[in-house]
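Student: Protein sequence lines correspond, in order, to chains A and B. The working numbering applies: residue 3 is where the first sequence begins, and numbers increase by one. The working numbering applies: residue 91 is where the second sequence begins, and numbers increase by one.
I should point out that these hints are in silico values taken from the structure, not numbers from a laboratory. Remember, it's a predicted structure, so these values are computed and weren't measured experimentally. A few of these clues could be false.
With a straight-line cut-off of 25 Å between C-alpha atoms, the simulated DSS-like cross-links for lysine-lysine are [stated by the list, open to error]:
1. LYS117(B) to LYS374(A)
2. LYS195(B) to LYS157(B)
3. LYS367(B) to LYS408(B)
4. LYS375(A) to LYS108(B)
5. LYS144(A) to LYS112(A)
6. LYS291(B) to LYS112(A)
7. LYS117(B) to LYS375(A)
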Amino acid sequence: MQVYLDNNATTMVDPLVAQAMGPFFSEIYGNPNSLHKFGTASHPALKKAMDQVYKALNASDNDDIIFTSCATESNNWVLKSVYLDHIVNGDKNHIITTEIEHPSVYAACKALEEQGVKVTYLPVNHEGVVEAHVVKSFITDKTALVSVMWASNETGVINPIKEIGEICKEKGVLFHTDGVQAVGKIPVDLQDVHVDFLSMSAHKFHGPKGVGALYIKDSQPLSPLLNGGEHMGGRRSGTLNVPYIVAMGKAIELATTDIEEKIASIRAKRDRLEDALLELSDTFVVGDRENRTPNTILISIRGVEGEGMLWDLNNAQVGASTGSACASEDLQANTVMLAIGADNELAHTGIRLSLSRFTTDEEIDYTIEHFKKAVFRLRAISSSFAKVGPTPGGESKECELHFH
Amino acid sequence: MAKNDLLGASLWDAYSNKVTTLMNNPKHQGEITEEEAASHGNRLIVADFGAESCGDAVRLYWEVDPKTDVIVNSKFKSFGCGTAIASSDVMTELCIGKTVQEAVKITNIDVEFALRDNPETPAVPPQKMHCSVMAYDVIKKAAGLYLGVDSESFEEEIIVCECARVSLKTLQDVIRLNDLTTIEQITDYTKAGGFCKSCIKPGGHEEREYYLVDILRDTRREMDEEKMKAAADAGTKGNFESMTLVQQIKAIDAEIDESIRQFLIMDGGDMEVIDVKPSDEYIDVYIRYLGACNGCASSATGTLYAIESTLKEKLSKKIRVLPI
Chain A
3 MQVYLDNNAT TMVDPLVAQA MGPFFSEIYG NPNSLHKFGT ASHPALKKAM
53 DQVYKALNAS DNDDIIFTSC ATESNNWVLK SVYLDHIVNG DKNHIITTEI
103 EHPSVYAACK ALEEQGVKVT YLPVNHEGVV EAHVVKSFIT DKTALVSVMW
153 ASNETGVINP IKEIGEICKE KGVLFHTDGV QAVGKIPVDL QDVHVDFLSM
203 SAHKFHGPKG VGALYIKDSQ PLSPLLNGGE HMGGRRSGTL NVPYIVAMGK
253 AIELATTDIE EKIASIRAKR DRLEDALLEL SDTFVVGDRE NRTPNTILIS
303 IRGVEGEGML WDLNNAQVGA STGSACASED LQANTVMLAI GADNELAHTG
353 IRLSLSRFTT DEEIDYTIEH FKKAVFRLRA ISSSFAKVGP TPGGESKECE
403 LHFH
Chain B
91 MAKNDLLGAS LWDAYSNKVT TLMNNPKHQG EITEEEAASH GNRLIVADFG
141 AESCGDAVRL YWEVDPKTDV IVNSKFKSFG CGTAIASSDV MTELCIGKTV
191 QEAVKITNID VEFALRDNPE TPAVPPQKMH CSVMAYDVIK KAAGLYLGVD
241 SESFEEEIIV CECARVSLKT LQDVIRLNDL TTIEQITDYT KAGGFCKSCI
291 KPGGHEEREY YLVDILRDTR REMDEEKMKA AADAGTKGNF ESMTLVQQIK
341 AIDAEIDESI RQFLIMDGGD MEVIDVKPSD EYIDVYIRYL GACNGCASSA
391 TGTLYAIEST LKEKLSKKIR VLPI
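Bound-form chain A, shown alone (with noise of 0.2 Å):
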């Protein structure tokens, strides 16, 4: 058996999706700005897209959603165009952020630091939240942007976003934040929550990779980070991508129609999966169960590095992910574990499980068996754990989960 769960990195393409896109690679391929038939033809498609992706985010109709390539470029799109509006020309030089946003808000916002821009990056609390009054505590009159996450791509905890919004609403700050884990995944209302900007990714919920949106409340003026065309408005050129945006309004559709039914499902197979697994000692999830996303557990296992125990899932046709060690070509410790105070040890045996509604029962007994098995094999070889029972002419240690 094969067990895919690393669906927060990225999901598979809903069957349904796919053969909506089908018909805009070879029938109706025309260049949606052509005045001809060819061209029009796509328009309806478009359309339709369009007004899927509104109704999944119940987005007004006076604010604009823009496709992009992925959500690296939206977040990049409005750090960069805040900067180009606010910053250079303005009278402000302070972006707020997280230590735990994905590399694209991070790297862009640590770019801007060699620009000039002062840029603070907020910790999160024990249990991965960052935390609205914190955000409020820091933001002063020169504050351009708060930018905080919706929920976390590593834990799944989901941040306070109404709280944060309204904070910035009222402090007159413009707020992004970053939804690629939430759209799809938690119902996302932007009627209920004031957000200025949220980036989006298609391959998170069941889309096709290449396919993104930036949504723009109230048709915000933001510089566009790519010229040379009318597209989109002039928002951002480049020739529409019609059929991965067709497939994108069909992906957002399917995941968000009858979303509190699906979430109950996942949550349900992830809680026994997570269940299961903390009868393993020295074992612990990062974040409470119930403010995270439904399909995400951060698994601690004391003794276990997090390369180590990806290799024997993979061996075991589990596809798993980790944020520390090895696994990456800079060898840092899980960035999202250090910031929640984990200590470097642990900070390098996260691992990352993530379901998606395809995830089946059958999949969940697989893994929790070969879960098991894995950690009994490395916890067999390992020095660290074999320093919190007997050691030679020492004494055997109860394990403690250290924290800094």
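Mind docking chain B on chain A? Use the hints.
Tutor: Showing chain B alone in chain A's frame:
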């Protein structure tokens, strides 16, 4: 960056078959107890080495025959990724049968080489070399415990790049001998900085005492200073043509002060050096006459000849004096 670097590959694709095999089935994983070692009349050594900043830790067990110093058995425990476990396993194997004094000469290069499927192909991707470095460090630690000495005493040189085991002195020598000016050249000549890259500059996955950028800068500065000093020494010895421009101007001024100016002043005149321009054939000295010399009939003939021949005689035959 080039075509082959544009699409990232899986780290695991770069592991040798030996790494994969040992990760799945390490042969020397486990512990040796005091009782077990004592029952053979041997001494147990347990050494821990860990670098939590990169998520690796290893515990090495040696059972050593105290009469011969031979490591008769060795096992390990490892908290780490696939390459850390495989490196620890092969490191343990390399120790068995060697004396402690021989084992301490095993380096991370030996460990990585033993993990290769063939001699030409690295066993691990560059960023994974640090895992074999840890194997080297824990051996030193164990040997130190056995011999009752500081493990650092086994390191005769300052190692800058632990992955490639390149010392500070080697780097300085290579930069000097080959007149290297870039980090890429250093990597080409020595392999330093070619693996995990932590030694290139601050900000890598682990902090280092020495970085290649600093060594290159400091060595180049020393080379420049030495060159200037050599030029200055050459100047004091009268080697005019090897002087720097500033030194040449100073030498000309000094010579004019000593041998020429007094005669011009006696006639109510003077001169100044405007510029010096060397070329392949001549070293042109541009001068301007002052006072009575300015406009004097002999300033383009006798006086000019006297100045030029004095400078030629005292400093260089290539000097040509041009009044402006």
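Student: Determine for every hint whether it applies to the structure shown.
Tutor: Hint check:
1. A C-alpha spacing of about 22 Å is found between LYS117(B) and LYS374(A), which places the hinted pair at or below 25 Å, so the restraint holds.
2. In summary, the hint linking LYS195(B) to LYS157(B) is supported, as the alpha carbons are separated by about 20 Å, within the 25 Å threshold.
3. Restraint check: the Cα-Cα separation between LYS367(B) and LYS408(B) comes to about 11 Å, which is no more than 25 Å; the hinted pair holds.
4. Only pairs whose Cα atoms come within 25 Å are accepted, and LYS375(A) paired with LYS108(B) is accepted, the gap being roughly 23 Å.
5. A hinted pair counts as satisfied when its Cα atoms are at most 25 Å apart, and LYS144(A) with LYS112(A) qualifies at roughly 18 Å.
6. A threshold of 25 Å between alpha carbons decides the hint, and for LYS291(B) with LYS112(A) the separation of about 18 Å falls inside it, so the pair holds.
7. For the hint linking LYS117(B) to LYS375(A), the alpha-carbon distance of about 19 Å falls within 25 Å, and the restraint holds.
Checked against the numbered hints given earlier, this structure breaks none of them.
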